[in-house]
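**Q** Keeping the supplied structure of chain A fixed, place chain B upon it in accordance with the hints.
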Amino acid sequence: MMNTILFILSIPSTLWLRVRNKMRELFAIMMLACCFVGCAPKPMPVTPARLYYQHRYPDARDALRERAADRNSKDVILDNLMLGMAALADGDLYEADAALMRAYEYLAGGSINPDDRKVAATLLTEDIKVWTGDPFEQAMSFYYVATLSMLRGEWDNARAAIRNSLFTLNDIGEESSDQPPTMGEVVRDLAAKDTDPAQAARPVESDFALGYLMAGLTETQLGRDHEAKLHYDKVRALNADLAPLADALAAKQYNTILLVDYGRGPIKTAYGPDGALVKYVPNGRKHRPPVITVHVNGNERTVPVNAPAVDLWTLSQYPKWWSLKSIRQAKSAVGNVLLLGGTVATGVGVAADSDETALAGLGAMGAGLLAKGMAGADTRQLITLPHCVYIVPLMLEPGRHDVRLSFSDDRLATAIWHDLVGGSAKQPVVYYLRQHAEAPGMPRWFDQPQYYNIHTERPTGLRPYLLGGRDLAVPALAVAAEYRRDPALDHLTLDELLALCRVEGIVLKPGPQGRTGQAGRASENYRHVTDGGRVLWSPRPGTHGHQRLTRRRHAPYQAVSSHLRDVATRLDPQSTASSRAEPLE
Amino acid sequence: MTDRMAESLLASPEIASRDGEAVPWIISVDRVMNLSSDVVPHRELWVFMGRLRGLLNQSDLAGRNITFVLSPEQAAALNQRNSDPTNQRATPTHALAATFHSLTLDDRSARSDTYVCVFNLIELTTDRVLWEDRYEVKRTVMRDEWD
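If you're matching them up, the sequences are chains A and B in order.
Mind the numbering: the first sequence is residues 0 to 584 in numbering that gives the first Met the number 0, read in order.
Mind the numbering: the second sequence is residues 0 to 146 in numbering that gives the first Met the number 0, read in order.
Bound-form chain A, shown alone (with noise of 0.2 Å):
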């Protein structure tokens, strides 16, 4: 301190004129970044994420709708994949599909940033360059696109998407015996050295074990049994825990396949000077995932699965998951060096009473705070992704069922799904299941079915919920003739109850309805009647849009038109009580 004191002190005054000259612009640059850092706390907004783990599905869905149609922000991958993951927990595959598809065309096609962007972000912050996540992160999209062709039957394209998903990965920094060195020790490395991030890059192969066993899976389905073996041996070689997962896979002992998302991912988290560094919370490499337990109509299941097929906690670690993050880690780093190359030549310039030395290290001072201001990292991520994913194959007998999942230390995790069917060995069964841990966990849903559709027991007597009853079942012929053996419904045809459709404006599936534009993507054409929207259709079980249609109470239909109002009146008054939905507790 001192000696700084002393250092000031002997600058001579013509040189300070100057000095404060230029401390003057330097100041204006300093707010100007202050400005980009900001520092003014902001409220906390009512996000897609937090809607999405609130169970509030049509919420974020609506809410990321707009954003992801719109193809030239920076956050369109991110957008796509957050509505897509939704969607799929949702049950509305119409919509996975548009979202997930957008984002796969990006992230498998590579041609992400425009000229345009990346010059922005070379000159001002990454923060201007698209999303395009980390290798972890691009890994689990290809899981979900994966996932949606799985849920259709399509094990080709199943193939095709999780095979983009074992991609080379680049390597940095040194491992020691128990921990993934964090970024800060990495950047450090590479400064000791004076090594470039992308040369110190060694390229290794993947060990995303979830998209070894998918892969496998898919090839088992396929008939492509040599090529399966290859991806089982890969898994049992990379965790011991995953081989009777293997086994049984490749075995094809199920008839059904259940891929469960548990959890919340690691929060990316800034750190460091600047903010510069990022790391993911929790860190540290011991984490002990939870262990999964399955019930089909209350009897436990002897189940195949020791382990998840992923723990992101664990794989976020590594600094192979992470992308290069060379653009801020340089600035970050040159920012620090200019700042204490400009200081040092600045006080060499004085020292040698040289102007333009010393000038020539205010300026670097300068150059070396803009950096040092704008370096934050970005914190952008997939807020979605799940702590860990599950795949457990099942063999369920013909019928409906009861599949309860828990999971060790988390009773709030617990869930029943309901009205799974199992498929064969040939065509199997695919359910993606989004398990939310901890608080809040779970939604709580009725044990007994509230409302009916196709996808539950159907007993005797249903009315249909346009007309005051608990139906929500699609109109179809064989829905029609069971209404007709009310004898207060015997005039009702599948005509009768489509027109019945067309004149409240309801619609039978979700989706734009031909609109284009923001008439297209309006919410009313992706909700239920039962939530405010004028889409009669039935999400597949397994999915929370199933779960909340059918083991929750709705409030009752409110008719439009007058005539389904005449027609609501013309049925028996005593009857059409009895079975009335009861407002929504």
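With the Cβ distance kept under 8 Å, some of the chain B side facing chain A (calculated, not the full set):
id : residue
1  : Asn33
2  : Leu34
3  : Val39
4  : His41
If you want the ones that stay clear, here's a sample from chain A, every Cβ over 12 Å from chain B, calculated:
id : residue
5  : Pro44
6  : Pro179
7  : Arg187
8  : Lys192
9  : Val290
10 : Thr459
11 : Ser522
12 : Arg550
13 : Arg569
One-sided and incomplete, this derived list gives chain A residues near chain B with beta-carbon spacing under 7 Å:
id : residue
14 : Glu153
15 : Asp155
16 : Asn156
17 : Ala159
18 : Ala160
I should point out that these hints are in silico values taken from the structure, not numbers from a laboratory.
C-beta atoms are modelled at their ideal positions from N, C-alpha and C, and glycine is treated no differently.
**A** For chain B alone, kept in the frame of chain A given last:
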């Protein structure tokens, strides 16, 4: 692609040598499989087959005693829609299948995909491949840096 395939199939000795007196053939447009490294929606894959079937039907196949029928899955779906489970499907004697492959060369600056679509006509009683042809197309994508 489908124009060339239809031309090739019609010119094959097995088809070209047939006339109205030949043993009837019932060909199921059976299977489209995507073994490429890209996700291709099935509806798009079936467009190829639908177009190929359309082109073949436009030619004088009836005069060669050849009939096309839907794949088993499509036939089942159609019967379900029409609520007529008694509808009997003509038993196919042959299957027309297509498989999409790709060869991908990938590095950090570019990705190049060569797609090969292989068509087969298979005699179902003997599993003999009566006709096979392929169509190739190449696609290159230049990458910007991701990191």
